[in-house]
Amino acid sequence: MKPINCIIEEVRSETPLIRTYRLDRNLNPAPGQYLMLWIRGVDEIPMSFSGQDTITVQSVGVATQAIFRMGAGSEVGLRGPLGNGFALKGNKILLIGGGVGTAPLAFLAEVAKKADISVTSLLGFRSRDDMIFQDRLEGLGETIITTDDGSYGIKGHASAGLKELNLFDYDQIYLCGPEMMMSDIISRTAEHAAKTQACINRYFKCAAGICGSCCLDPDGVRVCVEGPVLLADRLLDSEFGRYKRGPSGAKGPCRG
Amino acid sequence: MPSLSIHAGGLDLKNPVLLAAGILGTTGASLRRAALAGAGGVVTKSVGSVPREGHPGPTIVHVKCGLLNAMGLPNPSYRDFQQEIKTARSAGVPVIASIFGSSATEFAQIARVLKADAFELNLSCPHAEKYGSELGRYPDLVESVTGAVKAAADVPVWVKLTPNTADILELGLAAQRGGADAVVAINTLKAMAIDIETGYPMLGNRYGGLSGQAIKPVAVRCVYELAGRLEIPVIGVGGISSWEDAVEMIMAGAQAVQVGTALLGGYGIFEEITCGISRYLERKSMTLEDLCGLAGRRSQ
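First to last, the protein sequences are chains A and B.
0 is the number of the first residue of the first sequence in numbering that gives the first Met the number 0; add one for each residue after it.
0 is the number of the first residue of the second sequence in numbering that gives the first Met the number 0; add one for each residue after it.
Some hints here could point you the wrong way.
Straight-line Cα separation of at most 25 Å, PhoX-like style, residue types lysine-lysine; simulated pairs [stated by the list, open to error]:
| hint | chain 1 | residue 1 | chain 2 | residue 2 |
| --- | --- | --- | --- | --- |
| 1 | B | 189 | A | 250 |
| 2 | A | 194 | A | 112 |
| 3 | B | 85 | B | 114 |
| 4 | B | 189 | B | 63 |
| 5 | A | 88 | A | 243 |
| 6 | A | 91 | A | 1 |
| 7 | B | 85 | A | 250 |
| 8 | A | 113 | A | 243 |
| 9 | A | 113 | A | 88 |
| 10 | A | 1 | B | 63 |
| 11 | A | 162 | A | 194 |
| 12 | B | 114 | B | 13 |
| 13 | A | 243 | B | 189 |
| 14 | A | 1 | B | 189 |
| 15 | A | 91 | A | 113 |
Calculated directly from the structure, the hints in this document are not laboratory data.
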């Protein structure tokens, strides 16, 4: 599909480095799906939906900094919604989010609540100042928060909150956050891997399943079209958490 | 079922339907997946002598008649690519390494070190400064690059030609003089698209290459012209998305074909095409050999 033109209607600051942008149209995405955002003259990058018509952006590079210079009324191009999205299953679900990865989970929680599914959230942040969507999720069900520095909730990584929960209670577990955090959770909860859906990140160029830049070892899963949501079962013995390829295709470390 | 195995361009292929360069060729795992899905051989993403990140996005644009791309030759360099070829080879079909450089020396340096079942020389990418068609549109450079790689490599050398020229036959003859084992025709047609909301060129690199349905008749004509004059085999590529397209390309004179843009529809395309060719040959009581170049013989 060709990029369509879209106008940013509203910008909301979540933290100094994270903002939510509301677009002038509802593309009817499923939680976990993404769009390719074209910042004209700069680049085109993938972004998860944080709501029906919103994306939540963390300033990390040239393209996201360019988005931060845009205000209400600015125009962007976009292709989407793309990818598979989360599959909503069961009556009682657990969401485990880290940092800006909380964004698609907050969207999922709202959709789940509308379907009368009970939602519990475990969210990990660096510190109190980095917390996002706490209100959104607390209004939808039990919410446990961890911070690395202990400035709010349980001190430690998201995994420190696992002992508060009995994972057998949940029909499905949904995961999104930095790769090392997700990989840590998946390896600690391996016996639940068949019911854990993880929304992951790889370097997308075409976002159409043909260029090969996002393919996952060892099976060559095309994350841009067969993901970005993959069962943890499929990630356990993969490159996930071990290495990832950058824009040139060279392997590098997984950060974050 | 009629046999689809063939000896083409110095390689033994179990069938004549290969994965084209630049498509799902960044990792050994995705190449292997294409092979396991039924490709008779796979061509890697083009690799050069230094790592490149490629052009900024958008890197592809869907247009009504096909696909525009300007990836910009992203690759980790040949020094960091041998493992991917090794993984790809584990599927048991030939792995052809597509390589690019800005001079005969640079091409030869890569071909001396990299191990693959064959090389395909990218003398035809239409959107990377100093590479591809910027060399490949000059017959004397096509000949000297081909000659240099032939001298450096101990495996077959295929030369992928650009259609962005007044006379592709001249380029094919130059590759043949340089000692090529086959020519591959065609690469993408240089093209662009503009966003009419804002006037911005849609590709990050402004220019790109057009592939898919739109270019198939151009590719068929190029293959027909080349096969009519060259003594070396022609591998046909450009807009093949069905078994009928493959049959047409083989009738034009291609000994084997490559599939690229049609992978947008998934890996199933290889089986779809090979099964279709088999059923066709059975129905017509023909062999692959009977099919190859039939259009040329009909027009004599």
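Verification of the supplied hints:
1. 189(B) to 250(A): 31 Å, violated
2. 194(A) to 112(A): Holds: residue 194(A) and residue 112(A) sit about 19 Å apart, inside 25 Å.
3. 85(B) to 114(B): The hint holds at about 9 Å.
4. 189(B) to 63(B): 16 Å, holds
5. 88(A) to 243(A): 30 Å, violated
6. 91(A) to 1(A): 39 Å, violated
7. 85(B) to 250(A): 16 Å, holds
8. 113(A) to 243(A): It is violated: about 36 Å lies between the C-alpha atoms, which goes past 25 Å.
9. 113(A) to 88(A): 13 Å, holds
10. 1(A) to 63(B): 9 Å, holds
11. 162(A) to 194(A): Distance of about 18 Å is within 25 Å: holds.
12. 114(B) to 13(B): 21 Å, holds
13. 243(A) to 189(B): Judged against 25 Å, a Cα distance of about 32 Å means the pair is violated.
14. 1(A) to 189(B): 18 Å, holds
15. 91(A) to 113(A): 13 Å, holds
Hints 1, 5, 6, 8 and 13 from the list above are not met by this structure, while the remaining hints are.
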